[in-house]
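With these hints in hand, go ahead and build the complete structure from the sequences.
There are 2 protein chains.
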Amino acid sequence: MGSTQGNISDIAAYVTGRARAVRAASVRLATTPAEVKNRALLAMADALIARAAEIGAENQKDLDAGRAKGLDAAMLDRLALTPERIASMADGLRQIAALPDPVGEIDGMERRPGGFLVGRMRVPIGVIGIVYESRPNVTADAAALCIKSGNGVVLKGGSEAIHSNTVIARILEQAGAEAGLPSGCAALLETTDRAAVDHMLVQEQSIDLIIPRGGEGLIRMVVEKSRIPVIKHDKGLCHTYIDRAADLDMALNLTENGKIQRPGTCNTTETVLVHRDIAEKFLPPLAARMRERGVALHACPRALPLLPDAVPATDADWDTEWLRLEMSVKVVDGYDDAVAHIRAHGSEHTEVIVTADYPTAMRFVREVDAASVHVNASSRLHDGNVFGLGAEIGISTSRLHARGAMGLKELTCQKFVVLGDGQLRE
Amino acid sequence: MGSTQGNISDIAAYVTGRARAVRAASVRLATTPAEVKNRALLAMADALIARAAEIGAENQKDLDAGRAKGLDAAMLDRLALTPERIASMADGLRQIAALPDPVGEIDGMERRPGGFLVGRMRVPIGVIGIVYESRPNVTADAAALCIKSGNGVVLKGGSEAIHSNTVIARILEQAGAEAGLPSGCAALLETTDRAAVDHMLVQEQSIDLIIPRGGEGLIRMVVEKSRIPVIKHDKGLCHTYIDRAADLDMALNLTENGKIQRPGTCNTTETVLVHRDIAEKFLPPLAARMRERGVALHACPRALPLLPDAVPATDADWDTEWLRLEMSVKVVDGYDDAVAHIRAHGSEHTEVIVTADYPTAMRFVREVDAASVHVNASSRLHDGNVFGLGAEIGISTSRLHARGAMGLKELTCQKFVVLGDGQLRE
Numbered sequence: 001m002g003s004t005q006g007n008i009s010d011i012a013a014y015v016t017g018r019a020r021a022v023r024a025a026s027v028r029l030a031t032t033p034a035e036v037k038n039r040a041l042l043a044m045a046d047a048l049i050a051r052a053a054e055i056g057a058e059n060q061k062d063l064d065a066g067r068a069k070g071l072d073a074a075m076l077d078r079l080a081l082t083p084e085r086i087a088s089m090a091d092g093l094r095q096i097a098a099l100p101d102p103v104g105e106i107d108g109m110e111r112r113p114g115g116f117l118v119g120r121m122r123v124p125i126g127v128i129g130i131v132y133e134s135r136p137n138v139t140a141d142a143a144a145l146c147i148k149s150g151n152g153v154v155l156k157g158g159s160e161a162i163h164s165n166t167v168i169a170r171i172l173e174q175a176g177a178e179a180g181l182p183s184g185c186a187a188l189l190e191t192t193d194r195a196a197v198d199h200m201l202v203q204e205q206s207i208d209l210i211i212p213r214g215g216e217g218l219i220r221m222v223v224e225k226s227r228i229p230v231i232k233h234d235k236g237l238c239h240t241y242i243d244r245a246a247d248l249d250m251a252l253n254l255t256e257n258g259k260i261q262r263p264g265t266c267n268t269t270e271t272v273l274v275h276r277d278i279a280e281k282f283l284p285p286l287a288a289r290m291r292e293r294g295v296a297l298h299a300c301p302r303a304l305p306l307l308p309d310a311v312p313a314t315d316a317d318w319d320t321e322w323l324r325l326e327m328s329v330k331v332v333d334g335y336d337d338a339v340a341h342i343r344a345h346g347s348e349h350t351e352v353i354v355t356a357d358y359p360t361a362m363r364f365v366r367e368v369d370a371a372s373v374h375v376n377a378s379s380r381l382h383d384g385n386v387f388g389l390g391a392e393i394g395i396s397t398s399r400l401h402a403r404g405a406m407g408l409k410e411l412t413c414q415k416f417v418v419l420g421d422g423q424l425r426e
Numbered sequence: 001m002g003s004t005q006g007n008i009s010d011i012a013a014y015v016t017g018r019a020r021a022v023r024a025a026s027v028r029l030a031t032t033p034a035e036v037k038n039r040a041l042l043a044m045a046d047a048l049i050a051r052a053a054e055i056g057a058e059n060q061k062d063l064d065a066g067r068a069k070g071l072d073a074a075m076l077d078r079l080a081l082t083p084e085r086i087a088s089m090a091d092g093l094r095q096i097a098a099l100p101d102p103v104g105e106i107d108g109m110e111r112r113p114g115g116f117l118v119g120r121m122r123v124p125i126g127v128i129g130i131v132y133e134s135r136p137n138v139t140a141d142a143a144a145l146c147i148k149s150g151n152g153v154v155l156k157g158g159s160e161a162i163h164s165n166t167v168i169a170r171i172l173e174q175a176g177a178e179a180g181l182p183s184g185c186a187a188l189l190e191t192t193d194r195a196a197v198d199h200m201l202v203q204e205q206s207i208d209l210i211i212p213r214g215g216e217g218l219i220r221m222v223v224e225k226s227r228i229p230v231i232k233h234d235k236g237l238c239h240t241y242i243d244r245a246a247d248l249d250m251a252l253n254l255t256e257n258g259k260i261q262r263p264g265t266c267n268t269t270e271t272v273l274v275h276r277d278i279a280e281k282f283l284p285p286l287a288a289r290m291r292e293r294g295v296a297l298h299a300c301p302r303a304l305p306l307l308p309d310a311v312p313a314t315d316a317d318w319d320t321e322w323l324r325l326e327m328s329v330k331v332v333d334g335y336d337d338a339v340a341h342i343r344a345h346g347s348e349h350t351e352v353i354v355t356a357d358y359p360t361a362m363r364f365v366r367e368v369d370a371a372s373v374h375v376n377a378s379s380r381l382h383d384g385n386v387f388g389l390g391a392e393i394g395i396s397t398s399r400l401h402a403r404g405a406m407g408l409k410e411l412t413c414q415k416f417v418v419l420g421d422g423q424l425r426e
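Protein sequence lines correspond, in order, to chains A and B.
So that you can map any letter, position 113 of the first sequence is 113 in the numbering used here, and since no number is skipped, the others follow by simple counting.
So that you can map any letter, position 216 of the second sequence is 216 in the numbering used here, and since no number is skipped, the others follow by simple counting.
Derived from the structure by calculation, the hints contain no laboratory data.
It is possible that part of the hints are untrue.
For chains that are exact copies, the list does not tell them apart, and a pair is met inside one copy or across any two.
What the hints assert, rightly or not - Derived lysine to aspartate or glutamate pairs resembling EDC-like cross-links, with alpha carbons at most 20 Å apart:
1) K409 <-> D383
2) K409 <-> D107
3) K69 <-> E178
4) K225 <-> E204
5) K69 <-> D198
6) K409 <-> E367
7) K225 <-> D198
8) K225 <-> D421
9) K235 <-> E204
10) K232 <-> E204
Next up, the structure:
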């Protein structure tokens, strides 16, 4: 493959050809036994470790180019593949190999009047297109999850990681094919040409689902241009609502954990809503805890006098996904006011109530519309591993097919299976 | 509402306004208790019966206009609302009222390490847009299924049924609101302006899902133009494969039932594939049975000598959804040849094998990719009622979210619910 890394003259033909080849391989992959898929995933993990030096050298090219382009320290850090990170990529593949294969599982088989059996069998979706930015470990993670669930995958990573993504994808391809996977079932588009994504989004004959992972701009562009169904992994503007009946120590811990446990993630608490009746008791210790943790607060007029270091919140702050050590704080008149604020400003991602009042907790669970609704539990818990899905490809902010944390099952669809002995429709 | 039935000056504003009003009502509908929804559905059924004469009079206007436009007898028959058909529409609503409400049901609640509970709760999708042709009973059926599953609905029917659809929708709206439904949760676009569909397909702020029901042209147009996710109810090019090990009497009955039980439907058998080893035994009795039933046969060169009345099949016949008393017949070299033909020409709708050989049956179930795969059972069995879903909005030919027969559950999505007592992410 000489035509790599940006030097492709006919990008439309290149993308179409790659997608078609994956479609062809995916038909065989769909019925490849779990043992073969698992053996291949383990071989891929071994190959990543064995060829870590090669990966490091290619990664260095990306880091050098990134530095020359003036990428900031955080971006360079996300791009860097240390030996530890390569080992952790390999571990990820081994974990996915150890998970049960969802393909072929039949749900709810029952005997119907007339005597035939009907149930739903899990089958791969077909070919999945993943469009992602920065972290090169996604190349291995996403390929492994798609392969394990029997799907072909077309990967399009960010241009800043092109050398890293290319070497990883080639190592995986070679190790997988040697271990018996249909050759070409996982293909990286080895180009930095931005038009490649546009061409990918119209391959509806070859690709069944597009999953974009990245910033708001990327997601919006994909949704607008795609002729293929999209499951968005969009931003999270998540709230933690401290009810009048909250245990205030628990509320303090949940707010802190929701904000600081990993501030750059989509399930981080960005706004805390506080019932007016407990504002005087809750806000001063919150101010102290957040000061200690280095979190800057943006406060509404009623919260401001109780938060010594806070700045006044602007209207835009209620719609801001901070993704860093900043948080908005608002005093609300009660449950209804909190839920109205969440409805107006939330992104239907993860919403938390802290309360000891049972009816209020049950109302929140019923009335708040989000991918994950939590009572007395950190917003950061919304995660495929934490929820027991085994692994996750991300957190869907779409409503259809898969909502919230997506694991292997969510990368499959179902078909009805009817087992009869001559039944007719009357 | 003076601006009805085609006389709307600003169609974009009209559609946007109707869709927004449904979105607003749908938020309340989402948490409306099952008792209220059921009472409303029963009241709607009663109102249809009580006002049958009014419906008949409006329907007569559509029939007169249809005759004047030269619609054929079959189309006029589909359009006609006799007292029996109105009664059957009302019965449909009562049956939907009697079904269990899927909303609020929690699947797979389990305790996770750390001690919190996590499960998935069914919630309405939000607002569903239905674009349909001809039969005015769809207005009542589709509205009832959406309401029962807690979804607002925007209906756009065919222009030839505008008077019938309008009177039905207004009767349902009035009866529903009087029985306590949020006013405006089910809205018909009361216009024959074709631009209305275009405007509907870009209401992504107000509509969450589009379901097109109708001919190929309608489906293709909707998929191309929609910015909203679409679940297609597309054509069915279904095969029945008669394996070498088939019971030939059973095969004859299944082929007959698959073809003639209701030839105009998407799960009708359009092509029968016959293993060469049994062609000489199976085809002559098939010819006799089909002659008796008035089915015209299009045969491949190997089948032709064994089917006295058949005409030679053209290449296009293998891709033709007859939807009438015609059928294509092909002799295949064996299982692999049959599956390859299905892969090349099938529409992934409903595929049948007739065989007494267990390994062949199991291979077919595993290897054939269709919304419903049947062993020794008629293709016509693929139906929400027959499969036990209670009612159906149609048969999805999409792979994501819902595949095959769609009932009430398929009109919902899920959210994670986490019940904790202070759990943090470590």
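Status of the hints after comparison with the structure:
no. : hint          : result
1   : K409 <-> D383 : within (15 Å within a copy, 25 Å between copies)
2   : K409 <-> D107 : both (12 Å within a copy, 14 Å between copies)
3   : K69 <-> E178  : neither (38 Å within a copy, 66 Å between copies)
4   : K225 <-> E204 : both (12 Å within a copy, 14 Å between copies)
5   : K69 <-> D198  : neither (24 Å within a copy, 44 Å between copies)
6   : K409 <-> E367 : between (27 Å within a copy, 19 Å between copies)
7   : K225 <-> D198 : both (7 Å within a copy, 17 Å between copies)
8   : K225 <-> D421 : neither (47 Å within a copy, 44 Å between copies)
9   : K235 <-> E204 : between (26 Å within a copy, 18 Å between copies)
10  : K232 <-> E204 : both (17 Å within a copy, 14 Å between copies)
Of the numbered hints listed earlier, those contradicted by the structure are 3, 5 and 8.
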